[in-house]
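**Q** Here's the letter readout for the chains.
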Amino acid sequence: MAGRAQPVSAVPGIGVAAAIAALILGSILAVALRAEAGRGFSAADWAAVRFTITQAALSAVFSVALAVPVARALARRVFWGRRVLITLLGAPFILPVIVAVLGLLEVFGRNGWVSGLLGLAGLEPINIYGLHGVVLAHVFFNLPLATRLILQGWHDIPAERFRLAAQLGCGPGEIWSLLERPMLMRTVPGAAMIIFAICLTSFAVALTLGGGPRATTVELAIYQAFRFDFDLSRAALLSCVQIALAGAAALVALRVTRLDGFGGGLDRAVQRWDAKTAWLLWQDRIVIAAAAAFLLLPLAAIVLSGLGGVSLLPMSVIEATVTSLVVALGSTALLVLIAVPLALSLALRPRGGLELVGLLGLVASPLVIGTGLFIVINPVTDPFALALPVTALVNAVMALPFALRALVPGARDVIASYGRLGLSLNMQGGAFLRLVVLRRLRPQIGFAAGLAAALSMGDLGIIALFADPERATLPLQMYRLMGAYQMEAAAAAGLILMVLSLALFWLFDRGGRIHAGA
Amino acid sequence: MKYLAFAAGVLSVSAAWADTPELTVYTYDSFVADWGPGPAIEEAFEATCACDLKFVAAGDGAALLARIKLEGARSDADIVLGLDTNLTQAARETDLFAPHGMVVDYDLPIPMSDPLFVAYDWGYFAFVHNADLDAPSNFRALGESDLKIVIQDPRSSTPGLGLLMWVKAAYGDEAPTIWEGLADNVLTVTKGWSEAYGLFLEGEADMVLSYTTSPAYHLIAEDDASKKAAAFEEGHYMQIEVAGKLASSDQPELADQFLEFMVTDAFQSVIPTTNWMYPAVTPEDGLPEGFETLITPRNALLVTAEDAPAIRDEALAEWLDALSQ
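Residue numbers (our numbering), protein chains in the order written: chain A, 1 to 518; chain B, 1 to 325.
Be aware that one or more of the hints could be misleading.
Unchecked claim - Facing chain A, from chain B, some residues (calculated, C-beta under 10 Å):
(1) Ser145
(2) Asp146
(3) Val150
(4) Asp153
(5) Ser156
To be verified - Sample of chain B residues with no beta-carbon within 10 Å of chain A, all distances over it, derived:
(6) Leu133
(7) Gly198
(8) Glu292
What the hints assert, rightly or not - Some but not every residue of chain B turned toward chain A, in silico, with C-beta under 7 Å:
(9) Ser30
(10) Ser113
(11) Gly203
It should be emphasised that the hints constitute simulated quantities derived from the structure, not laboratory data. Bear in mind the structure is a predicted one, so any value in this text is a computation, not a measurement. No residue lacks a Cβ here, since even glycine has one placed at the ideal position from N, Cα and C.
Whole structure, please, built from the sequences with the hints as guidance.
**A** Below you can see the structure in the form of structure tokens.
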């Protein structure tokens, strides 16, 4: 495509990418430059790298493998409550780790519901601690994201294709090989890469459910370097290792991804004549019910334990809630501003290193980024004064990879289908952006904005380094309550967090889809 | 022009008004929580100091020290509150702290005097369990039992480090054997105290590493006598929490005033039922009702601040070795 005239320019996106790279790499550099001691790479660090890769790869494979049937079932069925179910399924992804883990343990723990049932049947309780526990938790966190990304792929297939396939008498098998498999080929590697990258930075989950020091991840090694040894150069080095691992995953994913789109359609509602057999109907019902049970039971446990503490909540939780909402909305606005130009650039120059820039925010250690920003900001101005804007910015950068996964395929189709029309109408730059891109991509932008808002609500990363008591976010306030033995109030704060995150996600996602018929 | 001079005059007067001296205290997260000591102490001190006391929370004790090292002499902090004796040597080596010049008559199980740091509370680490459990009375018995314990990772948590020091202080060179015995009892290791205590309350484990004072929380705040701390014959490792004044403070007198206030009744009486630790100087009214039900270890263990860094590194290596098998 390079060299041919395009209605939009790749330059703003490249500028955005450069700014993000400067932000992340600059903060790592700042940490490295402040380094005092130095203790190269040890055998324990290599063990941490191996464990990190193993658990992240397994988590990505299982999440995506399970997400494909779930997304397919959801894509071909229309039923009452489908939209609510899809939104609810997104909840685990945005929960603070500790809330989600306690919810999971309520169901799968030694003292949990499943073990209780097994006990009634005279069987041993299940043991959730170990690598399988880590993978289970990561699938719980990431299956919803994988499902949504892949479901987005299904929605990106124009309804006309299914209509045409039905007219030509295609059965489920032909639909699979003509439409669904090519679509999966271009969505699955990206989704798997994202989840691999998310799981790379896992540390509280891996530690809590991994069972002990064997479950040391690179992120924990960074923590140790920083907190235990105050060895900043090592923290920066390990942070680079983490980024390199994600970069390698991104390269693999790009290599196996096919980039052709499906072309434009008229956005008619999709009807699936192929899926009307009773066998497929039951298959889909069972898949949806199983996924719903796996994801919703722990959420139900969180709701049950949270309701009891609602009356115990102090005023500060309400203040923290307002703070979190402000940060989340600011972060969402920022995300849309950086994600749309970047997605257009990626659509125009598919094989650039831009994709990696999108991943940076996700895989850079929040501890190192926070510390780096602190080092940079501290001589200039009071870091506490900037705590909330910095949190909003870093959260937006963190949400970027998810936004790109949702936006890029759509952006590619828009440019392929409407680019020449736009040029022939002499519609370029801002006009094309406003009249074509933003309108065509509205559902994807809504989804990305919803994810950004929800993720930002649940994030604990940067604020913990900058916070003063008056300006805590909701997740931080929750941890403080736990530290003061207020487990019930903390559970209630966790419940509020979950409800608000879901509500934000729903509002943005719904807003993007009004009149879109999907 | 006259108006401008007038406006400038008004502004400078109001600026002087607003110039209440501000004392900034860096501390750990749970200290500033609503149920923590922070709010009550802020109110009590501001009533005496004609100043604005500002708490800044930064994770836990280890994070506090990292923060101070990062900021160096440029720090806004006047006081750092929440280091423990495992960290004071490293804090001393930063040369950022100034002597306090106080002589305090502490009510601690062991003598304490440190020219740089003033103790404000202390506690014993202990394994907390449900009252109906027949708890072991030493580390060897625990290692031989089938009981499941949750502990914290020493690399990310202060209590986790405390347990390493406990085993090391009690068993010295035999510590690796003790850890080998404990390896199959460790259900899991968590990032911090909150996660571990949450798992215990969910019923995942039989015991959790916490403090001998944890049962007092349940008894006094929740009227729940179902939690106990297991008394270990080896003795219990102590955590003494301290505060120090930064040499770079722009409010040195106010900082001294705060350190002195810290060992008075107004501060100390808040500690037992907010921070759930023992006060460093027992208040005139004694400890709150309920504290008499707690176990009193026969033997208080503590590695001296000077030895702590070397023992810490050795203990971590032994711990990693035993639990990674």
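**Q** None of the hints should be skipped; say for each whether it holds.
**A** Comparing the hints with the structure gives:
1. Ser145: Since chain A brings no Cβ nearer than about 16 Å to serine 145 of chain B, farther than 10 Å, the hint is violated.
2. Asp146: violated, 13 Å
3. Val150: holds, 9 Å
4. Asp153: holds, 6 Å
5. Ser156: holds, 5 Å
6. Leu133: With a cut-off of 10 Å, leucine 133 of chain B remains clear of chain A, as the shortest Cβ separation is near 14 Å.
7. Gly198: The claim is violated: glycine 198 of chain B sits with its nearest Cβ about 6 Å from chain A, within 10 Å.
8. Glu292: holds, 20 Å
9. Ser30: Constraint on serine 30 of chain B satisfied, holds at 3 Å.
10. Ser113: Constraint on serine 113 of chain B not satisfied, violated at 27 Å.
11. Gly203: OK, holds: glycine 203 of chain B within 7 Å of chain A, min 3 Å.
The structure is inconsistent with the numbered hints 1, 2, 7, 10, although it conforms to all the rest.
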